[in-house]
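Enquirer: Full structure from sequences and hints, please.
Listed below, chain by chain, are the residues.
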Amino acid sequence: MITIYVPQDSTSLSLGANRVAEKISAEAKKRNIEINLKRNGSRGLFWLEPMLEVEVNKKRIAYGPVMPEDVEGLFDAEFFLGKTHQKSLGVTEEIAWLKNQERLTFKRVGITEPLSVEDYEKYDGFSGLRKAINLKPQEIVNAVTESGLRGRGGAAFPTGIKWQTVLDTKADQKYIVCNADEGDSGTFSDRMIMENDPFVLIEGMIIAGLGVGANHGYIYLRSEYPHALKILNEAIKILEGKNFLGENILGSGKSFYLEVRRAAGAYICGEETSLLESLEGKRGLVRYKPPLPAIEGLFGKPTVVNNVISLATIPIILSKGSKYYADFGVGRSKGTLPIQLAGNLKNTGLIEKAFGITLTELLYDFGGGSASGKKIKAAQVGGPLGAFVPESQFDVPLDYERYAELNAVVGHGGIVAFDEDTNMADMARYSFEFCTIESCGKCTPCRIGSTRGVEVIDKIKAKTDVEKNTILLKSLCDTMVNGSLCAMGGMTPFPVMSALKYFPADFGVETENIDI
Amino acid sequence: MEEKIQKHIDLFKEKPGGLLPLMHAIQDDIGYIPKDYYELIGKSFSLSVAEVHGFVSFYHHFRTNPSGKHIIQICKAESCQAMGVNKLIDHIKSSLEIDFHETSKDKMFTLEPVYCLGNCACSPAMMIDDEVYGRIDNDKFDQIIKEWK
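Chains A and B supply the protein sequences, listed in that same order. Quick note: to get the numbering used here, add 545 to the position in the first sequence (first position is 1). Quick note: to get the numbering used here, add 1286 to the position in the second sequence (first position is 1).
Errors might be hidden in some of the hints.
Some chain A residues near chain B, calculated using beta-carbon distances under 10 Å [as the list claims (entries may be wrong)]: (1) Ser768; (2) Gly810; (3) Gly928; (4) Gly959.
If you anchor each label on the Cβ, the simulated ranges turn out as follows [as the list claims (entries may be wrong)]: (5) B/Asn1351 to A/Ser570: 38 to 48 Å; (6) A/Lys1008 to B/Gln1292: 56 to 66 Å; (7) A/Lys775 to B/Ser1334: 27 to 37 Å; (8) B/Asp1425 to A/Pro682: 52 to 62 Å; (9) B/Pro1302 to A/Ala949: 32 to 42 Å; (10) B/Ile1316 to A/Lys603: 49 to 59 Å.
I should point out that these hints are in silico values taken from the structure, not numbers from a laboratory. Note that the Cβ used here is the ideal one computed from N, Cα and C, for glycine as well.
Expert: Shown next, in the form of structure tokens:
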């Protein structure tokens, strides 16, 4: 039997994967060729999607990007036997983009059918959980601490320390909350995990529950991801049916109940305390810290709040051991980071690499340079609150500490490239504008500062008292950085100040007169 | 209408943090959250009308007026900007003859900005109801809109 794979994640669907799948089925029927059409996840080579694969002699051969109108020609060329065609990409695993990665968290993504437990277990699924069931809670937490895993949502706080605090806090009820409010623009790794390998996230959450003594979990999922919502809900149902979720998991005597809650389009709810407020059914206003959510979190109970990638990385740490994971990476940035390449690039998609790779390698070797063919002017790293990194810094290794030295952030690993036609003053203005739309309004520097920021940049661009207003802009940014309650107001100045510092000409600011 | 809303309230009032899923259920069912029922909702959650209003108005996803038959969300975030979404938005606004948050005359489409659909690798991106589209340009937009009409 011939097996053909057509991906079914949102990005592939957004490029017409369903129409390609339909066309393949119809064409096979017409030609009396028996095929087994599988809908796998995407491998994350998004410039080649819809990318279909055929299994020949236990190897997968890829073709892409395939449009419905290519399907007839593919059949004529007998692609189902792995024969060549204009759209041939060769053996999937040998494509440089994939071959040069270190896929740990994403090891199954694109290979398996997202909702097949059989596929999941065939590629080591649940081996972490099966180990964890026989460990003491402290041993589970130790494994996470020793792996050096830091919060992949952006804040990079050591996951093990968070878990230890929850484990050490005595309470009648504890919670595991998965932050799946992936609002940072330029990021999609959470979505890819949820759509393409949902069981790994759930397995990670169950292990977290066993580790800290929590029997209830919530996935707080952004409303912009309807496809992920559907898949997660189906995945939970499947695992409940197989006793991986619910009462007395696999006869361990431990229980874990899991529920998906849909967010409602507020960016700020990706901030952990705002997220908890929202889950409690309130406006998503940021909370003061302390108390830490690990001590008083959801409904006042000790709560682990972790990002999707952090939780989805737990199973491999338990299954292969903390040392295996910690051996990847550099310095205090241990392990791998799922990097998302987006914006003005020829090749875009997901790259999981050990920390330490540079933007030069990412933007040119993987990304193939700009899509427009023009010079890349800057890359914004780490979402809308991340700095614009200029070309002069493209060789700095991607590592939490090295980026902090640049006043930049690695964040959630999203990288958006801009070509030389981009006006960085416009981008800086947009950063403030975004903050006016998404600020929760609780603290003054963020609520008022963002609006004043838009006005000041408009004045500078209109050449009104440029020197005076540039000094004012710097002072405003300083107030926001030091006076805001959370990262929204506290980091909006990062893109703004980096744009001003490295591209003053775009603002019409002459650096001889003003110290920036 | 009151009966419908009461039915949803009954499903969620005992649930911890039930106000958020309740509002989704109401909007999914009716298409928006009618302000006239804030008092009814508030009663079951021990909230004032002002508090219910405060909740609904905080979240961009919730609307308090009927929308067009389909909702078009176009991404305005950085990656889509890097790929020229601002020009595409001008085209969309002029071809539908509406601005953001408005509904076309034929009541077919409501246009909303969105800040990232997670389809950044294929910018510019948009979503119509629950369908995501990538690498949109003016022609592709016109063609997609025809299919939805």
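Enquirer: With reference to the structure, classify each hint as holding or not holding.
Expert: Against the structure, the hints come out as follows:
no.: 1; hint: Ser768; verdict: 5 Å, holds
no.: 2; hint: Gly810; verdict: 3 Å, holds
no.: 3; hint: Gly928; verdict: 9 Å, holds
no.: 4; hint: Gly959; verdict: 7 Å, holds
no.: 5; hint: B/Asn1351 to A/Ser570: 38 to 48 Å; verdict: 42 Å, holds
no.: 6; hint: A/Lys1008 to B/Gln1292: 56 to 66 Å; verdict: 60 Å, holds
no.: 7; hint: A/Lys775 to B/Ser1334: 27 to 37 Å; verdict: 35 Å, holds
no.: 8; hint: B/Asp1425 to A/Pro682: 52 to 62 Å; verdict: 58 Å, holds
no.: 9; hint: B/Pro1302 to A/Ala949: 32 to 42 Å; verdict: 38 Å, holds
no.: 10; hint: B/Ile1316 to A/Lys603: 49 to 59 Å; verdict: 53 Å, holds
Checked against the numbered hints above, the structure breaks none of them.
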